[in-house]
Amino acid sequence: MTAGGVLRTALSLLLVALVLWPHAFAPVFAPFAPERGPVIYDRVSLLSLSLSHLGLVAAASSLAALVAVTLAILVTRPAGAAFRPLSRTLTNVGQTFPPVAVLALAVPMLGFGAWPTLVALFLYGLLPIFENAMTALSTLPPRTLEAARGMGMGRFQRLWQVELPLAAPVILAGVRLSVVIGLGTATIGSTVAARTLGEVIIAGLLTNNTAFVLQGGLIVGLFAVLIYDALVRLEARIARRAGAGSARAG
Amino acid sequence: MIEIDRITKVYDDTTVVDEVSMTVETGTITVIVGTSGSGKTTLLRMINRLVEPSSGEVRINGEVTRDIPTHLLRRRIGYAIQGHGLFPHHTVARNIAAVPRLLGWPKDKIARRVDELLTLFGMEPAAFRDRYPAELSGGQQQRVGVARALASRPDLLLMDEPFGALDPIIRGRAQEDLRAIQQKLGSTIVLVTHDMEEAIRLGDRVGVMDGGRLVQHGPPEEIVARPANAFVAEMVGDAERPMRLLSLIPVRGLVEPGAAGGDPVPEGASLRDALSACLWTGRDAVPVERGGAVVGRITLDAIRGRVEHRA
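Line order of the protein sequences matches chains D and E. Residue 1 is where the first sequence starts when you use my numbering, and the numbers rise one by one after that. Residue 1 is where the second sequence starts when you use my numbering, and the numbers rise one by one after that.
No lab work stands behind these hints, which were simulated from the structure alone. Virtual Cβ for every residue (Gly too), placed ideally from N, Cα, C. One or more of the hints may lead you astray.
Between beta-carbon pairs, the in silico distance windows are [claimed, not checked]:
hint, chain 1, residue 1, chain 2, residue 2, range
1, E, 14, D, 237, 45 to 53 angstroms
2, D, 138, E, 137, 54 to 62 angstroms
3, D, 210, E, 131, 51 to 59 angstroms
Facing chain E, a subset of chain D residues (Cβ under 7 angstroms, in silico) [what the hints assert, rightly or not]:
hint, residue
4, 144
5, 165
6, 169
7, 241
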């Protein structure tokens, strides 16, 4: 196994242990807990918090990917080119809003719970995916597209069989960025009563319990690092299939 | 038979192709040669309607292309371009199978056709079928590009500078291969190039384009011997003309009985090769062989006579 493989396995095991058997780590976190205060967060099982945290991010990112890629496909068609600046502005606005502001604005409309968080994560995830998808779809090798057109592929055949597969690695890089941003941002969702790992961190901040903050932060951080790594490897595999070696010429 | 009938393309105020008419006989290679901006690529792309003509029409075996939906028309016409345009994410087999798949051929028929084409292009099917384009050399990529264009046995093969990205040695070999395969399959080809040498070597007929007009169209001998105007003469290259002419004539027709010393030339070689052999070894005549046996000789005087006779 490579050094990277060893590290990956070790971090995964650490994460699983932190989520499933938090009490085993009591001696490690004890120095950070207030005197006679609780060391390990056990009001809710960390597993159920982790699952709902991941579920929220997955739902928001999938939705963002669907909308952003569709939008990118539309504005890279000749008929949609006019909408490119507008769609760029819209997704940029999504990014400039601080997530806390989105939460504050969404609560009156959607109430407390997971929904405002989902909206904030969705808006926040749009931009990186849209920008990457648009770049990927507008910088495909022109000769390959010309050949596809010249051999009689229809628009949808070109899109599905040629353009999207070739753009996939770059689009996926955008999804990865959006997922990682989402994993971190979802913690703030706990301020409006979404069930995420932010609950642990916020409980720690409210009670001045650094042990809780560390515990929650460590779990979220490990998820982010490991998911990032897995997506990078997925991208590399897809890029190989999409012929990243096509640089070789003559 | 492909008939191009007074076809014209106008962009804004610029006429890129100006009332070009020509007929391409079935089973022949027509090479359109011109400088960049001469309209040769636009002319080619109007045949499969990648560019829509402003006026005029193209008929394939009497059928007007304007009446056929573009995607169906293009599936009937092979298209090979410079830098091959292969799909980098598909294997060699899937690339070659692209048009047959669009046409809905059954799987086993496609697989047989792919293997047949790979063999025809001198690529062992078992070794190449599952490779990706990035794993091939430039010459191999180019061959797969042409094989893909031929896969569905199209009525017509259009080639846009197909050898432009290859180095001179590979290019020469690719041209010979194309000629051999075209003769074997009886394909009809329209090829665009800026290289007069390539045009003369490959074309049954050569069309010279300048400023959107077809300034001369005829067999290569005629283009070399009787250029229609100063532009064609310049394309042919005055100093090169005798050599180009000699390269078109086989030794076969000028063999005379008699003996000569030194290494023989095959009777299928061109007069240019024979002249070169004479000059290089300082002989006035070289023996000519057919299938390993000497059948006569060719003399320097006969070669000279042939050129003077033409000019």
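Looking back at the hints listed earlier, which ones does the structure fail to meet?
-> 2, 6
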